[in-house]
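Residue numbers (my numbering), protein chains in the order written: chain A, 122 to 227; chain B, 34 to 121.
Note that these hints are calculated values from the structure, not bench results. Cβ coordinates follow ideal geometry from the N, Cα and C atoms, glycine included. Do not take every clue at face value.
Claimed, not checked - One side only, chain A facing chain B, incomplete, derived with CB under 10 Å:
| hint | residue |
| --- | --- |
| 1 | I130 |
| 2 | A141 |
| 3 | D149 |
| 4 | A165 |
| 5 | I168 |
| 6 | S175 |
| 7 | P179 |
| 8 | K209 |
| 9 | V212 |
| 10 | I220 |
Unchecked claim - Just the calculated beta-carbon pair ranges, DEER-fashion:
| hint | chain 1 | residue 1 | chain 2 | residue 2 | range |
| --- | --- | --- | --- | --- | --- |
| 11 | A | L180 | B | P61 | 42 to 48 Å |
| 12 | B | L59 | A | S216 | 16 to 22 Å |
| 13 | A | S217 | B | I109 | 26 to 32 Å |
| 14 | B | L92 | A | S215 | 42 to 48 Å |
| 15 | B | I55 | A | G177 | 22 to 28 Å |
| 16 | A | S217 | B | L37 | 39 to 45 Å |
| 17 | B | S51 | A | V125 | 25 to 31 Å |
| 18 | B | Y114 | A | Y124 | 43 to 49 Å |
| 19 | B | I55 | A | L193 | 24 to 30 Å |
| 20 | B | L37 | A | P179 | 22 to 28 Å |
| 21 | B | D95 | A | I220 | 42 to 48 Å |
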Amino acid sequence: MSYVGAILIVVGALFSVLGALGVLRFPDVYTRMHAASKAGPLGAGMILVGAGLSTGDPLIILRTLAGFVFLLLVSPVSTHLLARAAVKSGVAPSSSTSINELRNSR
Amino acid sequence: MIELATDIAFGLLGIAMSLAVIRLVLGPTLADRILALDLANTVGIGLIATFALHVGQSLYVDVAISLALVGFVATISFARYLLAQVKQ
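Looking at chain A on its own, in the form it has when it is part of the complex (with noise of 0.2 Å):
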């Protein structure tokens, strides 16, 4: 069970890092978003998972479990939200992206 733990661990540490390297080297807030709110909290999530089967306590593992689902349903809610909010105040997408769907959608 601790070694699950401690694979989960840095698996979900390496998620973590790929989302930021995504927020960081992509070219506008909207891929940015694909990056951070994918990444992110699969990594945290995984992260919490593995802390709570390191414990080994099964109420603490159905706790971290709880809090895993709740992240992965949260985080698509809020990102649109913010999406939406970025469409609305005028950020434009980056000239690399082909397809413009919302162009007309102020």
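Let chain A serve as the given structure and place chain B on it in line with the hints.
Here is chain B on its own, set in the frame of chain A:
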């Protein structure tokens, strides 16, 4: 085994937090800064959970879960602030 895993995770999460802070400082628009703050919050959840294993206190896992429960409200309220700024 667990000590090695927490050490590696501390290093990686420190790098992730630094990258998020760099984007927070650079960020050309307000939406970029809100996104970087959201990511820093998520990385903080991972840091607290790793810290719980490092010190062997399972109470800190509850702290990480409650940060996950509360943290997204900050992002939503910042996005509402951005929308309210547009309407004026």
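Hints and how they fare:
For A/I130, the shortest C-beta to C-beta distance to chain B is roughly 5 Å, which falls under 10 Å, so the interface hint holds. Look at A/A141: its Cβ gets to within about 4 Å of chain B, closer than 10 Å, so that hint holds up. Given hint, A/D149 at the interface with chain B, holds; its Cβ is 9 Å from that chain's nearest Cβ, closer than 10 Å. Taking 10 Å as the C-beta cut-off, the interface hint given for A/A165 holds, the closest approach to chain B being about 4 Å.
Among the interface hints, the one on A/I168 holds; its C-beta lies about 4 Å from the nearest C-beta in chain B, closer than the 10 Å criterion. Taken as an interface hint, A/S175 checks out: its beta carbon lies about 6 Å from the nearest beta carbon of chain B, inside 10 Å. Interface restraint check: A/P179 against chain B, minimum CB-CB distance 12 Å, threshold 10 Å, status violated. A least Cβ separation of about 5 Å between A/K209 and chain B falls short of the 10 Å threshold, and the interface hint therefore holds.
Using the Cβ-Cβ criterion of 10 Å, the hint placing A/V212 at the interface with chain B is satisfied: the shortest such distance is roughly 5 Å. Using the Cβ-Cβ criterion of 10 Å, the hint placing A/I220 at the interface with chain B is not satisfied: the shortest such distance is roughly 20 Å. The supplied range of 42 to 48 Å is met by A/L180 and B/P61, whose beta-carbon atoms lie about 46 Å from each other. For B/L59 and A/S216, the Cβ-Cβ distance of about 19 Å falls inside the hinted range of 16 to 22 Å, so the restraint holds.
Separation of A/S217 from B/I109 is about 29 Å and conforms to the stated range, judged on CB atoms against 26 to 32 Å. A beta carbon spacing of about 44 Å between B/L92 and A/S215 agrees with the range 42 to 48 Å that was offered as a hint. For the pair B/I55 and A/G177, the beta carbons lie near 38 Å from each other, so the given range of 22 to 28 Å is not met. Checked against the hint of 39 to 45 Å, the pair A/S217 and B/L37 passes, with Cβ atoms roughly 41 Å apart.
The hint said 25 to 31 Å for the Cβ distance between B/S51 and A/V125, and at roughly 29 Å that hint holds. Taking 43 to 49 Å as the suggested C-beta distance range, the pair B/Y114 and A/Y124 conforms, at roughly 45 Å. The hinted range of 24 to 30 Å is satisfied by B/I55 and A/L193, whose Cβ atoms lie roughly 26 Å apart. At roughly 25 Å, the beta carbons of B/L37 and A/P179 sit within the given window of 22 to 28 Å.
A beta carbon spacing of about 45 Å between B/D95 and A/I220 agrees with the range 42 to 48 Å that was offered as a hint.
Checked against the numbered hints above, the structure violates hints 7, 10 and 15; every other hint is satisfied.
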